[in-house]
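**Student:** Per this note's numbering, the very first residue in the sequence shown carries number 143; after that it's consecutive.
If you're looking for bench data, these hints aren't it; they were derived computationally from the structure.
Certain hints may be false.
Pairwise CB distance ranges, derived in the manner of DEER restraints [to be verified]:
{"hint": "1", "residue 1": "PHE221", "residue 2": "ILE299", "range": "32 to 38 Å"}
{"hint": "2", "residue 1": "THR365", "residue 2": "VAL344", "range": "29 to 35 Å"}
{"hint": "3", "residue 1": "GLU324", "residue 2": "ILE199", "range": "26 to 32 Å"}
{"hint": "4", "residue 1": "LEU295", "residue 2": "ARG335", "range": "44 to 50 Å"}
{"hint": "5", "residue 1": "LEU352", "residue 2": "LEU223", "range": "21 to 27 Å"}
{"hint": "6", "residue 1": "ARG335", "residue 2": "THR278", "range": "26 to 32 Å"}
{"hint": "7", "residue 1": "LEU156", "residue 2": "THR260", "range": "55 to 61 Å"}
{"hint": "8", "residue 1": "ILE364", "residue 2": "ILE206", "range": "47 to 53 Å"}
{"hint": "9", "residue 1": "VAL211", "residue 2": "ILE322", "range": "25 to 31 Å"}
{"hint": "10", "residue 1": "LYS262", "residue 2": "VAL178", "range": "55 to 61 Å"}
{"hint": "11", "residue 1": "VAL344", "residue 2": "ILE189", "range": "34 to 40 Å"}
{"hint": "12", "residue 1": "PHE146", "residue 2": "PHE301", "range": "22 to 28 Å"}
The beta-carbon is built from N, C-alpha and C at its ideal position, and this holds for glycine as well.
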Amino acid sequence: MSKFYYITLGFITLGLGYLTWEIFKPFFHPLAWAIVISLVFYPLYSILRKYIKSNSIASSLTLIVIVIVILGPVTSVSFMLIQEITDLALYIQEGHYTIDDLMKHPKTKEFGQKIFTTLKISPKELEKKIIDGISTIGTTLITNITKSIGNILGLVINFVIMTFAIFFILKDGPSFINTIQEYMPFTEDEKNRLGMQIKDIVVSTVYGGLIVAIAQGIITGITIAALGF
Numbered sequence: 143m144s145k146f147y148y149i150t151l152g153f154i155t156l157g158l159g160y161l162t163w164e165i166f167k168p169f170f171h172p173l174a175w176a177i178v179i180s181l182v183f184y185p186l187y188s189i190l191r192k193y194i195k196s197n198s199i200a201s202s203l204t205l206i207v208i209v210i211v212i213l214g215p216v217t218s219v220s221f222m223l224i225q226e227i228t229d230l231a232l233y234i235q236e237g238h239y240t241i242d243d244l245m246k247h248p249k250t251k252e253f254g255q256k257i258f259t260t261l262k263i264s265p266k267e268l269e270k271k272i273i274d275g276i277s278t279i280g281t282t283l284i285t286n287i288t289k290s291i292g293n294i295l296g297l298v299i300n301f302v303i304m305t306f307a308i309f310f311i312l313k314d315g316p317s318f319i320n321t322i323q324e325y326m327p328f329t330e331d332e333k334n335r336l337g338m339q340i341k342d343i344v345v346s347t348v349y350g351g352l353i354v355a356i357a358q359g360i361i362t363g364i365t366i367a368a369l370g371f
């Protein structure tokens, strides 16, 4: 075959590869989240499998828990945050609570004086900046949520793709991994060692991030409680 044939075949292959990438690129983000979430909740799936013989039922129950855990707090916190920021801005603007009132509090008086001295700013100026900042944050949040609602179809599609992917990753993940290992050009011992190394890296990364997030939440809660808020 001529050199021209191989060059043409190479360009066609690259072109088809690029088109395939463009087709599947929008799905990579929900699929990546599906893999991470599946790893986090896989222990729950393993526990259910001890009592439920069907992979599909155990995967479905785990998926229901995941959806509740994700949608419940996110929806609740989002609406609460918007409401609290809006109420705080109105509360300060109406003069119910000022920086002068805050400075009278024994826990904040000394710290507040240091801030005024360091920033060389008066309480009234700081109050105005805080009100402007709160209003900006509230406006930004409302704008982003409005944009998200406007793009609700895309969010729903991504969420549906993610849930389907989670279901099949939990249900068929181990068998899929075993199938991949069968086609690897390694010995069984090398396959097992490679699989364990990949598992350790992924698990330590995912669960490490989860543990850090939990620790940050606990520290934040303790700090807020200690400050009396």
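**Student:** Now look at each hint and say whether the structure bears it out.
**Tutor:** Here's how the hints hold up against the structure:
Taking the beta carbon of each, PHE221 and ILE299 are about 23 Å apart, not inside 32 to 38 Å as hinted. Restraint check, THR365 to VAL344: a C-beta distance of roughly 32 Å satisfies the suggested window 29 to 35 Å. Under the hint 26 to 32 Å, the C-beta atoms of GLU324 and ILE199, about 27 Å apart, fit the expected range. LEU295 and ARG335 have their C-beta atoms about 45 Å apart, which keeps the hinted 44 to 50 Å range intact.
Look at LEU352 against LEU223: about 22 Å separates their beta carbons, and that is inside 21 to 27 Å. A hinted range of 26 to 32 Å for the beta carbons of ARG335 and THR278 is inconsistent with their spacing of about 54 Å. Distance hint check for LEU156 and THR260: the Cβ-Cβ separation is about 59 Å, which falls inside the suggested range of 55 to 61 Å. Checked against the hint of 47 to 53 Å, the pair ILE364 and ILE206 fails, with Cβ atoms roughly 32 Å apart.
The hint said 25 to 31 Å for the Cβ distance between VAL211 and ILE322, and at roughly 29 Å that hint holds. Distance hint check: the CB atoms of LYS262 and VAL178 are about 46 Å apart, inconsistent with the given range 55 to 61 Å. A hinted range of 34 to 40 Å is violated for the C-beta pair VAL344 and ILE189, which are about 20 Å apart. Our hint of 22 to 28 Å for PHE146 and PHE301 is violated, since their Cβ atoms are close to 48 Å apart.
Checked against the numbered hints given earlier, the structure breaks hints 1, 6, 8, 10, 11 and 12 and satisfies all the rest.
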